[in-house]
Every structure is written in C-alpha cells, then in structure tokens.
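Participant: Between the sequences and the hints, there should be enough to build the whole structure, so can you do that?
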Amino acid sequence: QQQVKQSPQSLIVQKGGIPIINCAYENTAFDYFPWYQQFPGKGPALLIAIRPDVSEKKEGRFTISFNKSAKQFSLHIMDSQPGDSATYFCAASMEGNTPLVFGKGTRLSVIA
Amino acid sequence: DAGVTQSPTHLIKTRGQQVTLRCSPKSGHDTVSWYQQALGQGPQFIFQYYEEEERQRGNFPDRFSGHQFPNYSSELNVNALLLGDSALYLCASSSGGFGGELFFGEGSRLTVL
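Just so you know, the protein sequences line up as chains P and G, in that order. Residue 112 in our numbering is what sits at position 112 of the first sequence, and the numbering runs on without skipping anything. Residue 12 in our numbering is what sits at position 12 of the second sequence, and the numbering runs on without skipping anything.
Only true hints are included.
If you only want the chain G side, here are some residues facing chain P, beta carbon under 8 Å, derived:
| # | residue |
| --- | --- |
| 1 | Q56 |
| 2 | L102 |
| 3 | G107 |
Computed far set for chain G versus chain P, every beta-carbon distance over 12 Å:
| # | residue |
| --- | --- |
| 4 | S27 |
| 5 | G28 |
| 6 | E51 |
| 7 | F64 |
| 8 | E75 |
Worth flagging that the hints you see were computed from the coordinates, not collected in a lab. Remember, it's a predicted structure, so these values are computed and weren't measured experimentally. Note that the Cβ used here is the ideal one computed from N, Cα and C, for glycine as well.
Facilitator: Have a look at this one:
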C-alpha cells in the first residue's frame, strides 16, 4: 500500500518558471511533511518541511502548500534555475513515532 | 563537521553472497536509520537503530539485519543476496529516535549479479 502518492513523475520547465509537484497521503495521523532534494550520486537532503497546523510555508524560493481536508500538499519552486534540476521527494510521518514514508519522486529539469 | 559517511560507495556481489555496509552518523547524532532506494523509486525504510537496539523495522525479510556500536556507527548486513537487492542503500542519522531532521549519506550502491 503506497501511503504517499507523488506526481508528476517528471517535469520540464523553462528557467524562471514555477514547477509544482503534488503529493497526496492516506494516513490522517501523519503530522510531518518534508520535501527532500536529491542530486545524482548524492543522498537526499531536506529542503523544507511543514506541519498540519499551517497551510503554507515559504523558505527562499521554495513554498509548501498544505490542504489538510484534501490530504494533499505541494511544492512550488519560484523563479526556477537550472541548478534546481534534481529529483524531489515528498515524505510523511508521525513525527517522533514512525519513519518517513517517501513518494516515488519527481525528476525536475529546468532548461535555460 | 563531517556529515553522514557510508562505505563502500560501490560494490558488486553475486547471488547468494553476503554483504556488510557501514555508516558513521553525523557528529552529535545517536540514531541511525537505513533505507533502500531502488532505481527510480523513493527510499524505503529498512530499520532504525537507537541506543544499540533495533527500534522499528520496515517490511524487509530477516535476511536484512543490522547493528549499532557504542560510538553510534552502524552496519547493515544482507545475507543470501538476490538480484532484487540491487539498490542504493542510504544511511540517515538523527538525534533521539524518530524525532528531528534526517541527514542522509551519499549511499552505498550495491549491484547483485
């Protein structure tokens, strides 16, 4: 059973565009929703995370939007750059109690 | 400040063999989690070690085992390797069990022939 469903699988945007990656979860007990960025040959690195008490969180060019009733959250990358080309994973957990459950990832390519 | 370090970075084994992967957590961290990342997939939780004990385990067979040492470093052992065990094995460290941010190493790429 896939607990976190991520879409799209891949995404190509022009430099300066705003890619949006979506995730849906099933377990209403999840209370921690991070996004990880992974470059080829590297391990995932935490980008930004949100908890369900807020609907939006922004850090630099990265924004998470969270819809608790729909059990969905999404990542927006403002003014995307070629250096943002990477694979992005959403994840979820019951913080402090359970391991992170990851989505299958979205391969983002930002072309100049 | 050294981050999470894993060894070896790459290795090739044949079916039926055994493998040991090693992980040193980030300085100040006492918890190590292991994840398996198949090609084109997200990481899948194998197990977590905290205070030298396996605290939680994902849906992996007993062929996967581990250990944590008093210095918090950890090993992942896989016995009777199958072709399907080919993957990137990621170690992640954190502080105090499941709480706190996970810091991942660069992984050990295992190929089973």
